[in-house]
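Undergrad: Quick mapping for you: the protein sequence lines, in order, are chains A, B and C.
Under my numbering, the first residue of the first sequence is numbered 12, with each subsequent residue one higher.
Under my numbering, the first residue of the second sequence is numbered 12, with each subsequent residue one higher.
Under my numbering, the first residue of the third sequence is numbered 12, with each subsequent residue one higher.
In short, the hints are calculated from the structure, not lab data.
Please note that the accuracy of each hint is not assured.
[Said to hold, decoys possible] For each label pair, taking beta carbons as the anchor points, the in silico distance ranges come out as:
id : chain 1 : residue 1 : chain 2 : residue 2 : range
1  : B       : 33        : C       : 64        : 13 to 23 Å
2  : C       : 86        : A       : 26        : 31 to 41 Å
3  : C       : 87        : A       : 47        : 24 to 34 Å
4  : A       : 85        : B       : 47        : 21 to 31 Å
[Stated by the list, open to error] In silico lysine to aspartate or glutamate, EDC-like type, Cα no more than 20 Å apart, as pairs:
id : chain 1 : residue 1 : chain 2 : residue 2
5  : B       : 30        : C       : 51
6  : A       : 108       : B       : 75
7  : C       : 108       : C       : 86
8  : B       : 108       : B       : 75
9  : B       : 108       : C       : 86
10 : B       : 108       : C       : 24
11 : A       : 30        : A       : 47
12 : C       : 108       : A       : 75
Given the structure is predicted, the values throughout are model-derived calculations rather than measurements.
Built from N, CA and C at the ideal position, the CB exists for glycine as well.
For reference, the chains in residue letters:
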Amino acid sequence: MLTPLKLVVIVAEETIAPKIIADVMRLGASGYTSCEAHGEGSRGKRAGRVGETNLRIETVVGPDVASRIMAHLAEAYFPRFATIAWTSDVVVARGEKYV
Amino acid sequence: MLTPLKLVVIVAEETIAPKIIADVMRLGASGYTSCEAHGEGSRGKRAGRVGETNLRIETVVGPDVASRIMAHLAEAYFPRFATIAWTSDVVVARGEKYV
Amino acid sequence: MLTPLKLVVIVAEETIAPKIIADVMRLGASGYTSCEAHGEGSRGKRAGRVGETNLRIETVVGPDVASRIMAHLAEAYFPRFATIAWTSDVVVARGEKYV
Chain A
12 MLTPLKLVVI VAEETIAPKI IADVMRLGAS GYTSCEAHGE GSRGKRAGRV GETNLRIETV
72 VGPDVASRIM AHLAEAYFPR FATIAWTSDV VVARGEKYV
Chain B
12 MLTPLKLVVI VAEETIAPKI IADVMRLGAS GYTSCEAHGE GSRGKRAGRV GETNLRIETV
72 VGPDVASRIM AHLAEAYFPR FATIAWTSDV VVARGEKYV
Chain C
12 MLTPLKLVVI VAEETIAPKI IADVMRLGAS GYTSCEAHGE GSRGKRAGRV GETNLRIETV
72 VGPDVASRIM AHLAEAYFPR FATIAWTSDV VVARGEKYV
């Protein structure tokens with residue numbers, strides 16, 4: 012059975028990523044996947060430190076949890092960290108495991 | 012020319028990923044991209060082995076191939092492995108190469 | 012505030028990725044994220060060199076910039092390189108930073 016859900020992708024500096032992951036799980040995600048990433052952002056911060064590693068975190072969640080995660084990031088991280096985040100629509104198999 | 016297609020993303024333990032990739036190609040994908048990943052899942056398996064590496068596999072395919080891949084994963088992998096998979100709508104350039 | 016935008020994902024050989032990233036930024040992206048990736052493509056090139064690394068580049072941009080990036084890739088890279096690219100719809104927080 013296929014279920015429409017939300018994919019939330021967050022790119023953050025490696026140093027704050029563990030805290031973001033803990034927040035994501037606390038806000039209702041049942042799991043996440045992370046990859047090492049590099050990049051450059053509009054605020055210049057992500058580009059400023061050469062060799063700095065980011066973490067690309069993604070989680071599949073229901074729409075309410077996605078909204079909570081996005082609101083929390085906007086409040087707790089965006090003002091101070093070069094974190095970026097987006098959501099998109101996905102269809103998952105075994106969707107009941109994610110909500 | 013831009014063509015609407017499906018992106019299929021699969022996250023699986025590294026040990027079974029080569030078999031999943033072979034299945035994905037056999038079911039009609041013309042290519043795939045993989046990244047090393049880590050994570051934690053609702054079944055606890057993905058978190059259970061510290062340091063274990065997952066592979067994040069993605070492939071752009073037509074809707075029929077996407078359905079076949081999802082059905083095959085659900086039957087052959089989901090009952091026994093902490094594999095997750097989702098699909099989403101994408102638009103590709105050179106779409107004729109993917110179907 | 013959440014803003015609908017476009018996610019552009021590009022997978023390219025590591026050797027040409029820096030040039031693609033420079034082009035993406037010049038065409039109007041305000042940032043990008045990249046991950047090391049491996050894979051295999053329909054043209055066989057990406058599979059041909061064992062151990063070759065690809066870069067998976069992603070950027071969140073407005074629809075006009077997305078179109079420009081896709082058109083440029085199709086003209087400057089697709090005829091000669093095993094580059095693949097797709098776009099999808101995303102919703103970002105702090106969308107004003109991306110357009």
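Undergrad: Compare the structure with each hint and give your call.
TA: The hints, checked one at a time:
{"no.": "1", "hint": "33(B) / 64(C): 13 to 23 Å", "in the structure": "holds (21 Å)"}
{"no.": "2", "hint": "86(C) / 26(A): 31 to 41 Å", "in the structure": "holds (40 Å)"}
{"no.": "3", "hint": "87(C) / 47(A): 24 to 34 Å", "in the structure": "holds (28 Å)"}
{"no.": "4", "hint": "85(A) / 47(B): 21 to 31 Å", "in the structure": "holds (29 Å)"}
{"no.": "5", "hint": "30(B) / 51(C)", "in the structure": "holds (15 Å)"}
{"no.": "6", "hint": "108(A) / 75(B)", "in the structure": "violated (24 Å)"}
{"no.": "7", "hint": "108(C) / 86(C)", "in the structure": "violated (28 Å)"}
{"no.": "8", "hint": "108(B) / 75(B)", "in the structure": "holds (15 Å)"}
{"no.": "9", "hint": "108(B) / 86(C)", "in the structure": "holds (16 Å)"}
{"no.": "10", "hint": "108(B) / 24(C)", "in the structure": "holds (18 Å)"}
{"no.": "11", "hint": "30(A) / 47(A)", "in the structure": "holds (16 Å)"}
{"no.": "12", "hint": "108(C) / 75(A)", "in the structure": "violated (24 Å)"}
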